[in-house]
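S.K.: Here the sequence shown is numbered in my numbering, starting from 30 and rising by one per residue.
Honestly, I wouldn't trust all of these hints.
[To be verified] Have a look at the derived ranges for each label pair, beta carbon to beta carbon:
1. Gly231 to Trp34: 43 to 53 angstroms
2. Asp61 to Leu333: 20 to 30 angstroms
3. Gly121 to Glu320: 43 to 53 angstroms
4. Val56 to Ile144: 40 to 50 angstroms
Please keep in mind that the hints were generated in silico from the structure rather than gathered at the bench. If you're wondering where the values come from, they're calculated on a predicted model, not measured in any experiment. From the three backbone atoms N, C-alpha and C, an ideal C-beta is built for every residue, glycine too.
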Amino acid sequence: MIELWRGGLCESLHFGHAVIADANGVVAAWGDPGAVIFPRSSCKMIQALPLVESGAADAHGLGGRQLALACASHNGARIHIEPVAAWLDGLGLAEADLRCGAHLPADPDERRRLICALESPCQIHNNCSGKHAGFLTLNRHLGAGPDYVDPDHPVQRAVRRAFEEVTGEEAAGWGIDGCSAPNFACSVAGLALAMARFARPGDGRRGQAQRRLVKAMIAHPELVAGEGRACTELMRAAGGRAVVKTGAEAVFVAILPERGLGVALKIADGGTRAAEAAITALLVHLGILAEGDPVVQRYLTGPLRNWRGLATGELRRAEGFPA
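Kindly generate the complete structure, drawing on both the sequences and the hints.
M.R.: Encoded structure:
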């Protein structure tokens, strides 16, 4: 799908699978649309469906910012951690109630503050803390036990039901994600179909929930990822025409409401560089981004530079991708 060229020679190749779907099924595909993958964090909007559908979001007064954070893999900047902390406080809960674990934030300012203050990061700095705040909100609504990441917990049973319904597949299995929540496996085609259903939702509670989550993500791209991140920059460049969400190990999805299309891709080697280039290529192919847009140059067509600023190579679309 993506090639790296240096000195006139092809140095690296990134193989993968990609699917464009509408609500009826596959529209276009590269690689194997039936390849089974873990969507990782690319499916957070699916994991947030029970939060909205159950009435928990409305019962606890959640607005668009909280819903965007429920779908986020955020940088741990102040704009992310402060509203998550306030969200937990409004539930009468604290950082210790989270089950996502702690890691240093990706945001350089917050990381520097912690290091200079000799402070350790807390679980609210975890890039999935918004998703987990959403789980805790649903858990409060259901009146269930504290271990909400257990695959047999009512929260995760609700997530699995929603996942299987929108992908149109029985989960092929599950694994434990980096944030300790179960992550259910599906085909690339099933993931693309799920995104298409978010792009062209039906009536009823499910459709209303899908619309609210898409609207929240489009309205708050800075909360979905953060400054300098591909999801945020691609959504800003799309000007409300696309939701873009990454997942670990080189998964990307896109929701295109105007077109009624969903996109899913997986780079086989897990390389983020290629996944960002591939989703950018597909957004150009679908007319969401212009070839000359600076964000396209950053993630796909611009030169790769070394530490002195010298152009050393370039990424290219492989022949036939996208056709």
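S.K.: Given a hint of 43 to 53 angstroms, does the C-beta separation of Gly121 and Glu320 actually sit inside it?
M.R.: For Glu320 against Gly121, whose Cβ atoms are near 51 angstroms apart, the range 43 to 53 angstroms holds.
S.K.: With respect to the beta-carbon atoms only, verify the hint that Gly231 and Trp34 lie 43 to 53 angstroms apart.
M.R.: Hint holds: Cβ distance 45 angstroms, inside 43 to 53 angstroms.
S.K.: Is the distance from the Cβ of Val56 to the Cβ of Ile144 consistent with 40 to 50 angstroms?
M.R.: At roughly 47 angstroms between Cβ atoms, Ile144 and Val56 fall inside 40 to 50 angstroms, so the hint holds.
S.K.: Measuring from beta carbon to beta carbon, are Asp61 and Leu333 in 20 to 30 angstroms?
M.R.: holds, 29 angstroms
In this structure, every one of the numbered hints holds.
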